[in-house]
Amino acid sequence: EAQVTQNPRYLITVTGKKLTVTCSQNMNHEYMSWYRQDPGLGLRQIYYSMNVEVTDKGDVPEGYKVSRKEKRNFPLILESPSPNQTSLYFCASRMTGGTNGYTFGSGTRLTVV
Amino acid sequence: GDSVTQMEGPVTLSEEAFLTINCTYTATGYPSLFWYVQYPGEGLQLLLKATKADDKGSNKGFEATYRKETTSFHLEKGSVQVSDSAVYFCALSHQATQKLVFGQGTRLTINP
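In the order they appear, the protein sequences are chains H and Z.
All residue numbers for the first sequence refer to the working numbering, where the first residue is 609 and numbers rise by one.
All residue numbers for the second sequence refer to the working numbering, where the first residue is 51 and numbers rise by one.
Everything labelled a hint here was simulated from the structure, so no lab data went into it.
The structure displayed is predicted, hence computed values, not measured ones.
Glycine included, every Cβ here is placed at the ideal spot set by N, Cα and C.
Some clues are possibly wrong.
[What the hints assert, rightly or not] Simulated pairs of lysine-lysine, BS3-like, Cα-Cα distance not exceeding 27 Å: (1) Lys149(Z) x Lys102(Z); (2) Lys625(H) x Lys677(H); (3) Lys102(Z) x Lys127(Z); (4) Lys665(H) x Lys677(H); (5) Lys677(H) x Lys149(Z); (6) Lys673(H) x Lys149(Z); (7) Lys149(Z) x Lys665(H); (8) Lys679(H) x Lys149(Z); (9) Lys665(H) x Lys679(H).
[What the hints assert, rightly or not] Where chain Z lies over chain H, by a calculated footprint (3+ residues, C-beta under 8 Å): (10) 656-668; (11) 675-685.
Can you build the whole structure from these sequences, using the hints too?
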């Protein structure tokens with residue numbers, strides 16, 4: 609089944625403790641992206657990657673890092689999480705070019721206390 | 051920059067009512083337009099799309115028409131069901147940048 613898999617689904621952590629949210633896709637998509645969803649703000653792009661070893665900032669990149677060492681994986685790293693990073697996070701992928709929409713993961717609900 | 055504005059929610063309707071969720075956009079050029087749906091506890095699923103002016107996207111009884119002259123992509127359904135209760139997101143994307151820009155989402159609740 610074609611899908612984007614995120615882990616974990618739920619995570620509660622403390623301020624300053626480094627964490628990684630993993631994202632993997634099995635569709636050979638070049639383009640991958642991370643979004644955060646907050647009430648009243650919709651989804652905002654954090655980082656994106658056009659292909660392996662090519663990453664760039666989205667609209668709200670502060671406090672986050674990403675890497676794209678392999679085509680299928682695109683982990684989101686929070687080096688020193690803060691309470692304002694409490695949010696619902698989605699990873700998404702798509703083929704480069706064309707007009708198809710993204711395929712989204714099921715989401716990771718992160719709480720930073 | 052590009053932006054998408056949706057009608058404010060929440061929207062509450064009775065089963066079999068007619069649904070309209072308004073969506074307007076601001077963008078350069080000719081973006082593709084999408085509606086995504088998010089059911090409780092799940093990720094976003096593509097509901098329908100339109101890639102050029104006057105295209106009509108449709109799926110599961112939902113429809114939306116790409117109106118370039120009014121920069122709109124309103125979502126409609128003739129008779130809603132309880133199972134349509136979800137959050138609906140309007141979005142646009144440019145082929146060159148690949149970025150998907152979302153509206154703020156509209157929560158829809160259908161009562162039996």
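Against the structure, the hints:
no. : hint                  : verdict
1   : Lys149(Z) x Lys102(Z) : holds (17 Å)
2   : Lys625(H) x Lys677(H) : holds (23 Å)
3   : Lys102(Z) x Lys127(Z) : holds (21 Å)
4   : Lys665(H) x Lys677(H) : holds (17 Å)
5   : Lys677(H) x Lys149(Z) : holds (21 Å)
6   : Lys673(H) x Lys149(Z) : holds (18 Å)
7   : Lys149(Z) x Lys665(H) : holds (11 Å)
8   : Lys679(H) x Lys149(Z) : holds (18 Å)
9   : Lys665(H) x Lys679(H) : holds (18 Å)
10  : 656-668               : holds (count 3)
11  : 675-685               : violated (count 0)
The structure fails to meet hint 11 from the earlier list, while all remaining hints are met.
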